[in-house]
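Novice: Chains A and B, in that order, give the protein sequences.
Heads up, the first sequence is in our numbering, so the first residue is 14 and it goes up one at a time.
Heads up, the second sequence is in our numbering, so the first residue is 14 and it goes up one at a time.
Hints listed in this document are in silico derivations from the structure and should not be mistaken for laboratory results.
Keeping only pairs whose Cα atoms sit at most 25 Å apart, straight-line, the calculated DMTMM-like set for lysine to aspartate or glutamate is:
{"hint": "1", "chain 1": "B", "residue 1": "Lys259", "chain 2": "B", "residue 2": "Asp284"}
{"hint": "2", "chain 1": "A", "residue 1": "Lys119", "chain 2": "B", "residue 2": "Glu189"}
{"hint": "3", "chain 1": "A", "residue 1": "Lys111", "chain 2": "A", "residue 2": "Glu293"}
{"hint": "4", "chain 1": "B", "residue 1": "Lys33", "chain 2": "A", "residue 2": "Glu65"}
{"hint": "5", "chain 1": "B", "residue 1": "Lys81", "chain 2": "A", "residue 2": "Glu141"}
{"hint": "6", "chain 1": "A", "residue 1": "Lys116", "chain 2": "B", "residue 2": "Glu193"}
{"hint": "7", "chain 1": "A", "residue 1": "Lys148", "chain 2": "B", "residue 2": "Glu385"}
{"hint": "8", "chain 1": "A", "residue 1": "Lys119", "chain 2": "B", "residue 2": "Glu193"}
{"hint": "9", "chain 1": "A", "residue 1": "Lys249", "chain 2": "B", "residue 2": "Asp365"}
{"hint": "10", "chain 1": "A", "residue 1": "Lys148", "chain 2": "B", "residue 2": "Asp390"}
{"hint": "11", "chain 1": "A", "residue 1": "Lys295", "chain 2": "B", "residue 2": "Asp358"}
{"hint": "12", "chain 1": "A", "residue 1": "Lys148", "chain 2": "B", "residue 2": "Asp358"}
{"hint": "13", "chain 1": "A", "residue 1": "Lys116", "chain 2": "B", "residue 2": "Glu189"}
{"hint": "14", "chain 1": "A", "residue 1": "Lys148", "chain 2": "B", "residue 2": "Glu384"}
{"hint": "15", "chain 1": "A", "residue 1": "Lys116", "chain 2": "B", "residue 2": "Asp76"}
{"hint": "16", "chain 1": "B", "residue 1": "Lys352", "chain 2": "A", "residue 2": "Glu141"}
{"hint": "17", "chain 1": "B", "residue 1": "Lys81", "chain 2": "A", "residue 2": "Glu113"}
{"hint": "18", "chain 1": "A", "residue 1": "Lys116", "chain 2": "B", "residue 2": "Glu203"}
{"hint": "19", "chain 1": "B", "residue 1": "Lys81", "chain 2": "A", "residue 2": "Glu118"}
{"hint": "20", "chain 1": "A", "residue 1": "Lys210", "chain 2": "B", "residue 2": "Asp365"}
{"hint": "21", "chain 1": "A", "residue 1": "Lys148", "chain 2": "B", "residue 2": "Asp76"}
{"hint": "22", "chain 1": "B", "residue 1": "Lys188", "chain 2": "B", "residue 2": "Glu385"}
Stretch-level coverage of chain A by chain B, calculated; a stretch enters the list once three of its residues show a Cβ under 8 Å from a Cβ in chain B:
{"hint": "23", "region": "71-80"}
{"hint": "24", "region": "148-157"}
A virtual CB, placed ideally from N, CA and C, is assigned to each residue, including glycine.
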Amino acid sequence: MSEFTSGFWSLFIAVVTVVSIVACAWFLKSQSIRRGPKVETTGHIWDEDLAEYNNPLPRWWSWLFYLTIVFGLAYLVLYPGLGSWKGTLGWTQVGELKSETEKAEKQFAPLYERFAAMDVDALSRNPEALAVGQKLFLNNCAQCHASDGGGSRGFPNLTDRDWLWGGEPKLIEATIAHGRTGVMPPFGQALGEDKVKDVASYVISLSGGAADSIRVAKGRDIYMTTCFACHGADAKGNPALGAPNLTDRIWLHGSDANVIQTISRGRVSQMPAHKELLSEAKIRLLTAYVLSLSASR
Amino acid sequence: VNLRDIPIRTEEQSLYEVRKKIYPRAVSGRFALLRWAAVWATQLVFYGLPWLTWNERQAVLFDIVHRKFYLFGLVFWPQDVIYLTVLLIIAALTLFLFTAVAGRIWCGYACPQTVYAEIFMWIERVIEGDRNARIKLDKACLGTRLPRKAAKHAAWIAVALWTGFTFVGYVTPIKELGGEVLALATGPWETFWILFYGFATYGNAGWMREQVCKYMCPYARFQSAMFDRDTLVITYDAERGEPRGKKGQVGDCVDCSICVQVCPTGIDIRDGLQYECIGCAACVDGCNQVMDKLGRERGLIRYSGMGRLLRPRVLVYSAILLAITAATAASLYLRVPLKLDVIRDRAAIARDVEGGLVENVYRLQVMNGVEEGRAFDISVTGLSGIHVWGGAIVGMPAATSRSVPIQVRVPAEGVPPGSHPIEFQLRAIGVEGVEVREASVFIVR
Numbered sequence: 014m015s016e017f018t019s020g021f022w023s024l025f026i027a028v029v030t031v032v033s034i035v036a037c038a039w040f041l042k043s044q045s046i047r048r049g050p051k052v053e054t055t056g057h058i059w060d061e062d063l064a065e066y067n068n069p070l071p072r073w074w075s076w077l078f079y080l081t082i083v084f085g086l087a088y089l090v091l092y093p094g095l096g097s098w099k100g101t102l103g104w105t106q107v108g109e110l111k112s113e114t115e116k117a118e119k120q121f122a123p124l125y126e127r128f129a130a131m132d133v134d135a136l137s138r139n140p141e142a143l144a145v146g147q148k149l150f151l152n153n154c155a156q157c158h159a160s161d162g163g164g165s166r167g168f169p170n171l172t173d174r175d176w177l178w179g180g181e182p183k184l185i186e187a188t189i190a191h192g193r194t195g196v197m198p199p200f201g202q203a204l205g206e207d208k209v210k211d212v213a214s215y216v217i218s219l220s221g222g223a224a225d226s227i228r229v230a231k232g233r234d235i236y237m238t239t240c241f242a243c244h245g246a247d248a249k250g251n252p253a254l255g256a257p258n259l260t261d262r263i264w265l266h267g268s269d270a271n272v273i274q275t276i277s278r279g280r281v282s283q284m285p286a287h288k289e290l291l292s293e294a295k296i297r298l299l300t301a302y303v304l305s306l307s308a309s310r
Numbered sequence: 014v015n016l017r018d019i020p021i022r023t024e025e026q027s028l029y030e031v032r033k034k035i036y037p038r039a040v041s042g043r044f045a046l047l048r049w050a051a052v053w054a055t056q057l058v059f060y061g062l063p064w065l066t067w068n069e070r071q072a073v074l075f076d077i078v079h080r081k082f083y084l085f086g087l088v089f090w091p092q093d094v095i096y097l098t099v100l101l102i103i104a105a106l107t108l109f110l111f112t113a114v115a116g117r118i119w120c121g122y123a124c125p126q127t128v129y130a131e132i133f134m135w136i137e138r139v140i141e142g143d144r145n146a147r148i149k150l151d152k153a154c155l156g157t158r159l160p161r162k163a164a165k166h167a168a169w170i171a172v173a174l175w176t177g178f179t180f181v182g183y184v185t186p187i188k189e190l191g192g193e194v195l196a197l198a199t200g201p202w203e204t205f206w207i208l209f210y211g212f213a214t215y216g217n218a219g220w221m222r223e224q225v226c227k228y229m230c231p232y233a234r235f236q237s238a239m240f241d242r243d244t245l246v247i248t249y250d251a252e253r254g255e256p257r258g259k260k261g262q263v264g265d266c267v268d269c270s271i272c273v274q275v276c277p278t279g280i281d282i283r284d285g286l287q288y289e290c291i292g293c294a295a296c297v298d299g300c301n302q303v304m305d306k307l308g309r310e311r312g313l314i315r316y317s318g319m320g321r322l323l324r325p326r327v328l329v330y331s332a333i334l335l336a337i338t339a340a341t342a343a344s345l346y347l348r349v350p351l352k353l354d355v356i357r358d359r360a361a362i363a364r365d366v367e368g369g370l371v372e373n374v375y376r377l378q379v380m381n382g383v384e385e386g387r388a389f390d391i392s393v394t395g396l397s398g399i400h401v402w403g404g405a406i407v408g409m410p411a412a413t414s415r416s417v418p419i420q421v422r423v424p425a426e427g428v429p430p431g432s433h434p435i436e437f438q439l440r441a442i443g444v445e446g447v448e449v450r451e452a453s454v455f456i457v458r
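The following block holds chain A by itself, in its conformation from the complex (with noise of 0.2 Å):
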């Protein structure tokens, strides 16, 4: 791209346009004069006699054409176009959207409004804020954590009571807002792929799981030095780190197998910070609606 960078191109394009307009101009006024005999046909001849008149056209019709050179060199003026001539009206792309969007957010004030003064307790209860945080969450949320806010492998499930960074409306808010990044580290290299595997088993058998004795027994003791930090002694996590609960049978990256990759390669989970893009009002209302998944089961 850097070729568009030089100053000659813009000038290149401009002279290209005004030529351009110019001999348009010049062509029209030159083709409606006819110097020469009178002509009253135009000369072809179809099926023997069949002659066409060459009839004028009517005046203000060449003014038509006229009308749209002007307009061409007034809209070159005001706006962009000419080169990178910036246009006298200041006219951008991102100035149309930012409008558009702030009339938008003008026109819609008055429904957030309405829902500003309620807590996230009673939106959660509130069929109409349901409706419009159901339709934030389709748009916004959905694309990870599914239309029915069930989640898949990796993105977590927001339908059941299990909170990876706590389930009170204060802190699902901080989590739709900042954004969260939950990160496990590998222990496959600290470890090796046997240590790996007595872990996976004590984890597994935390929850019910069908685990082999001796390495759930070898595992308990590698896991309470090094995985109860994070995971707690009780294996129940710990939301301020995103630690998740180990014994509920919720597995976010799977369970069996699957548990054996977490512990020994890690995982790295991120929630992306929405505050840029949605405002306050919006916020609190999918809060409510993420609130609502879990209290209708």
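Fit chain B to the supplied structure of chain A, relying on the hints for placement.
Specialist: Coordinates of chain B only, in the frame set by chain A:
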């Protein structure tokens, strides 16, 4: 003569001409009456329709903002745009058929350009007088001319603005629009369209008139392709009329030039069929009046060429027209006022859920096309044990559309990994025959 001796005459000749103003003379008669009947019929519909009420709303309203198009008992959605296409096809075929049978009957009687020009010419006649009075007035001094011209343009503008208002009334509820106009509080687009359509009416019917037909209308240029020897056209009977004159052994044409004076496009029909002729039959009425006074037989200028109706062109046009009209009527009658789109969630491919089941998530876009609230039952078929989990009933208010996320579950055993075709059914509860089906797939990992 030695050709080289003749000097080549060169002169500058403009290829653009200045319009010569036409002063059509008032005419009465059978065809004038018919034309006025057409004016009344079309304009009562145009000006009156937006004021009718149906189901406690405007009967005919094209609600562009909400993408709902009301036509009496029917509600059309953007998905029904095929009906607009069909309507245009029917209109075009009707035009072809009528042209093949009766020439430019549309141009002469029903085209909005003709109809509004007729109304505007009537206003002009009432205020400025008939042809001769108008010619005289245009030559009079400014003081005499001004009051009448001002009155005429005021009346024209009033009709034009009312037309613009009515036009916008098809898009915005006309009663609310009326209130806004009275309070001078119309929105920017409403104001623009009222003024734009009003200006177009005023300009085309008041100023442009025959020039619209001569220079702008494409139909005027290609309809001669639909003419044949049986097509009805207005013709001067040259055999009977010529040589024209007033005394001695001459033809029936007395050269009174009434036919030229009444012509709204300013042509002389005695020169034969011309593309400017819009087939309004004003010259037929004018000539018949003169023939009556002279005690001669009517029809020196008349509709002629009316031959066989049962000819291939007419039959083919009629057959196609009939087939499309019947198909459209059947389709409208059988139309199910319910639409369903199934969008499978792409992020969550398949979930294993408790009870050894596999779950897929879908978003159903449901559109209730009738003006009453209805409840719908969602079901799904295609795999053994397949079912909608949770609520399978969705309530929809009148004429609304919404997105419903649903979970579909299948017992994991016996379903091989891969994509399996399934079908959703949406059935209105308690209403016979309101049911739609939509195909989708179920994915097992």
